[in-house]
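Undergrad: Sequence:
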Amino acid sequence: MLIEENKPLAPFTTLGIGGHARWFVTAAREEDVAEAAAWAGERRLPLFVLGGGSNVLISDAGFNGLVLRVQLRGIQSVQGGASCLYRVAAGEAWDDFVHRAVEDDCAGIECLAGIPGTVGGTPVQNVGAYGQEVSSSIERVRAFDLHSREFTEFAAADCGFGYRRSRFNASDRGRYIVTRVNYRLSPHGAPMLRYVDLQRAFPAGSSPSLGEAASTVRRIRRSKGMLLVDGDPDCRSAGSFFKNPLVTPEEVQHIAAIAGKDPPYFPAAQGSAEKGQIKVPAAWLIEQTGFSKGYALGAAAISSRHTLALVNRGGATAAEILHLADQIRSAVASRFDLRLDMEPEMIGFETSA
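The C-terminal position of the sequence shown is numbered 746 in our numbering, with every residue numbered one higher than the one before it.
Honestly, I wouldn't trust all of these hints.
[To be verified] DSS-like mimics (lysine-lysine), calculated; alpha carbons at most 27 angstroms apart, straight line:
1) 686 - 617
2) 672 - 617
3) 672 - 636
4) 636 - 617
Worth flagging that the hints you see were computed from the coordinates, not collected in a lab.
All chains, please: the whole structure from these sequences, using the hints.
TA: And the structure:
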C-alpha cells in the first residue's frame, strides 16, 4: 500500500470542499482494506472510508486520521430462473452498475439511475429515489468488521434498513467497511413507475422499457441539477442536503393549517420503523419559509434548480455551507416545529449538527 500524507480531499468530493487528510490510502483489494485498518489501529488513528464523495461534507480543517478510499472493482452476474444475482465490488460506480443492469434487462434499480457515488455506499444510506430503494433488491452485504478484524456478511434482513438508514450508519456506525454488495434483480421485469414525475412522462397504458425509464430518470435529475455534468455549477453539490421528514397524518394536518394549504406528501417506505408514517418534501417546507432556488449566502447557495441541494458557487467553505444549512433548518423549525435532518455525512467536525 502507498500511504500518502497531507492529501487534499476536496477533489474527491462532488461539493469540491474540504481540507487535507493527515494520511490517505487507496484500497484496490480486500487485503488492502484489512491492512489499512490494522495500520490505523496500531497508531490509534481515526479512520474514514471514502467512496465516491457524493454524500459528504468535509470540514475545512480536514481529517486528522487515515482516509481509506475504497476502489475495489468487479461485477459478477449469475442468472437462474426468475432472478439474476449480481455480486458488485464496493468501488464500482453506482450509475455504471445501473446501466449494466438495464442493458441486461434486469429490473429493480432502474429508477436509481444517475445517482453519483459508489456501490459500497448504497446499503449504508439505503439509497433511494423516484419510488425505489436499494433495500428492495439487496440480498447480501459483505464488509470488514473493525472490531473483530474479520470479513463478515449480512443478509438484507439483518441490515436494519429504513428511510435513509441502515445498521451501517446507525447502531453500528463506523464499525464496518463495505467491500461487496449482492443485488438480486428481475430479468425482463417492468420498470417501477410509482413516482409522479415518471407517471407524467409516460402515457397511461404505455409499457416503457427499463432503458426508457432509466433515461427519463436521468433527464429529470439533470433538469433539477441532480445529475453530475461537467461545467454545470448546480452539480457542485452533495445531492439532497436534507432528508424528507417523516410525520404522522395528524402532523400533516398541522402543517396544512400553518401553511394555509395542503402540503404534498407520500407514504414512507414500508420499513418497520416507518409504517403508517408519511414523507413531506423538505423542499416544499423550505420554500414555504421564504427560501427560494438560487438564494445565496456568500459562495454557498441553494441550487437554482432544486431547493434541496446546497451548492458551492466557487470557493465556498464547509463553514459557509453549514451556515446556510443552519439558517434553513432554523426557519423550518420556527414555522413548522419540524427538524430537518441533514443527509450528507459530516467528516472532520467535532460535533455533527
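Undergrad: Each of the hints needs a verdict: does it hold here or not?
TA: We went through each hint and held it up to the structure:
Taken as a hint, the residue 686 and residue 617 pair is honoured in the structure, with Cα atoms around 11 angstroms apart against an allowance of 27 angstroms. Under the criterion of a C-alpha separation no larger than 27 angstroms, the hint pairing residue 672 with residue 617 is consistent with the structure, at around 20 angstroms. Taking the CA atoms of residue 672 and residue 636, the gap is about 9 angstroms. The hint holds against a cut of 27 angstroms. A threshold of 27 angstroms between alpha carbons decides the hint, and for residue 636 with residue 617 the separation of about 16 angstroms falls inside it, so the pair holds.
Checked against the numbered hints given earlier, the structure satisfies every one of them.
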